[in-house]
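**Q** Go by the hints and put chain B onto chain A.
Sequences listed follow chains A and B, in order. Counting from 16, one number per residue, gives the positions in the first sequence under the working numbering. Counting from 16, one number per residue, gives the positions in the second sequence under the working numbering.
Mixed in with the good hints there might be a few duds.
For chains that are exact copies, the list does not tell them apart, and a pair is met inside one copy or across any two.
Taking lysine to aspartate or glutamate pairs in the EDC-like style, the calculated list, with each CA pair at most 16 Å apart, reads [what the hints assert, rightly or not]: (1) K142 <-> D184; (2) K157 <-> E110; (3) K132 <-> E158; (4) K23 <-> D205; (5) K157 <-> D100; (6) K157 <-> D130; (7) K132 <-> D71; (8) K23 <-> E171; (9) K142 <-> D45; (10) K142 <-> D71.
FYI, nobody ran anything at the bench for these hints, they're computed from the structure.
2 protein chains.
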Amino acid sequence: MMEPPSPKTRVQRGAERAVYDRDAIVAILDAGLVAHVGIVTDAGAPVVIPMAYAIDGDHLLVHGSVASRLMRTRSPVCVTVTILDGLVVARSLFESSMNYRSVVVFGAPEVLVGDEKREALLRLSDKLLPGRVDHARGPSAKELAATTVWRISLSEASAKVRTGPADEDPGDVDLPFWGGVIPVRLVAGDPEPDALRSPPPPTPEHILEIVTRLRAT
Amino acid sequence: MMEPPSPKTRVQRGAERAVYDRDAIVAILDAGLVAHVGIVTDAGAPVVIPMAYAIDGDHLLVHGSVASRLMRTRSPVCVTVTILDGLVVARSLFESSMNYRSVVVFGAPEVLVGDEKREALLRLSDKLLPGRVDHARGPSAKELAATTVWRISLSEASAKVRTGPADEDPGDVDLPFWGGVIPVRLVAGDPEPDALRSPPPPTPEHILEIVTRLRAT
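Chain A extracted, bound-state conformation:
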């Protein structure tokens, strides 16, 4: 769909950068690692907290401690995922900008229980550390009870994407300044084993694959 699902979801500013295509939205969510979750407190104030997330079909998954004030929210939340791709250097300060891909999701959180909750936690783990579920201890009953998992529909999701050099003001094109883009990306360093084994064991294949994947995106 190239039209927003509802007026609420229509991108207000920079509509020419708006994307409502489901595949494009999922691709950005696949590439990101951190979501910024915004809620409204009982006092009516906004709170924005960074959290891990995952996708499950047409839904976003978010998890946190049951003791978290934020996770007690049941009213609609806003979940935003942003990937910074570059610094845009224009001949004017005004047109200098950033290249980025971002997704904004509005929705009321549904609290998962039972098997759905357990499966969601495995999916959240697999988003952060793909393949790790086969090389770690899974959640205990106590750990499950200590965690709240939200499922939020992607039906009210939109994306914004900015790419390429600056939209220079025509009057600036001949100014004697450099213009272009400084690309930036998140990269993984070499895995650092903890100190619980001495000497540390060799890094297992599934960890090396996670690193390779992080270096490729």
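**A** Same frame as chain A, but now just chain B:
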């Protein structure tokens, strides 16, 4: 100060990771590039949008289009800056986590005008592209009029920092799984000149310095 400035600002979850020291907060804000700004709409819903920001002494600066619905907000906002430092691989899925530095600022935006507004815009530019103000056209009266600049006090700011390997459950220490950290960082690629000059001019020194700085942090 090692105590939160007010109950509102006290970090609720993971209090052992909370930081209220001004220098630590400013260091994180210096290292970050993108803020996630949360507001509450007239209908009472949260909206979270990625934005550029800068610091000016005891204040945070944020700017956007005067036509932006978000920038018309005058009630308190929440500005969160997060830097992802690593993926924490625990022997249990439950203790697997992320290493990060984040700052959360609560405050009512003050709209800047006149010289304060112009100076704030130069400061915002200098945060994104240090030194660029001497190598680009500054803001015109029309561009100034098209931009809203907010100043938000850092008096209600807190930070959270997670570093190091997982907090393993004592019962998991001898499990035959790898544990450690996959460090991640944002790095700059080689500057890409735009197509307005053919052949492209050499990359100027101030752009190379921005790249060097991005590679060092």
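**Q** Are the hints correct? Go through all of them and say.
**A** The hints, checked one at a time:
Within a single copy, K142 and D184 get their C-alpha atoms no closer than 41 Å, and across copies no closer than 22 Å, so neither meets the 16 Å cut-off. In this assembly of identical chains, K157 and E110 lie within 16 Å of each other by CA distance solely across copies; the values are 13 Å between and 53 Å within a copy. In the homo-oligomer, the alpha carbons of K132 and E158 lie at most 16 Å apart inside one protomer (12 Å), although the nearest pairing across protomers, at 50 Å, exceeds that limit. Taking identical chains as interchangeable, the C-alpha atoms of K23 and D205 are never at most 16 Å apart, the minima being 43 Å within one chain and 39 Å between chains.
Taking CA atoms no more than 16 Å apart as the test, K157 paired with D100 passes in neither setting, with 40 Å inside one copy and 29 Å between copies. Taking CA atoms no more than 16 Å apart as the test, K157 paired with D130 passes inside one copy only; the shortest distance there is 15 Å, against 58 Å between copies. For a Cα distance limit of 16 Å, the shortest separation of K132 from D71 inside one copy, 12 Å, qualifies, whereas the shortest one across copies, 44 Å, does not. Taking identical chains as interchangeable, the C-alpha atoms of K23 and E171 lie at most 16 Å apart only when both belong to the same chain, with a minimum of 8 Å there against 31 Å between chains.
For a Cα distance limit of 16 Å, the shortest separation of K142 from D45 inside one copy, 8 Å, qualifies, whereas the shortest one across copies, 29 Å, does not. For the identical chains of this complex, K142 and D71 are intra-copy neighbours only, at 10 Å inside a copy versus 37 Å across copies, given an alpha-carbon limit of 16 Å.
Of the numbered hints listed earlier, those contradicted by the structure are 1, 4 and 5.
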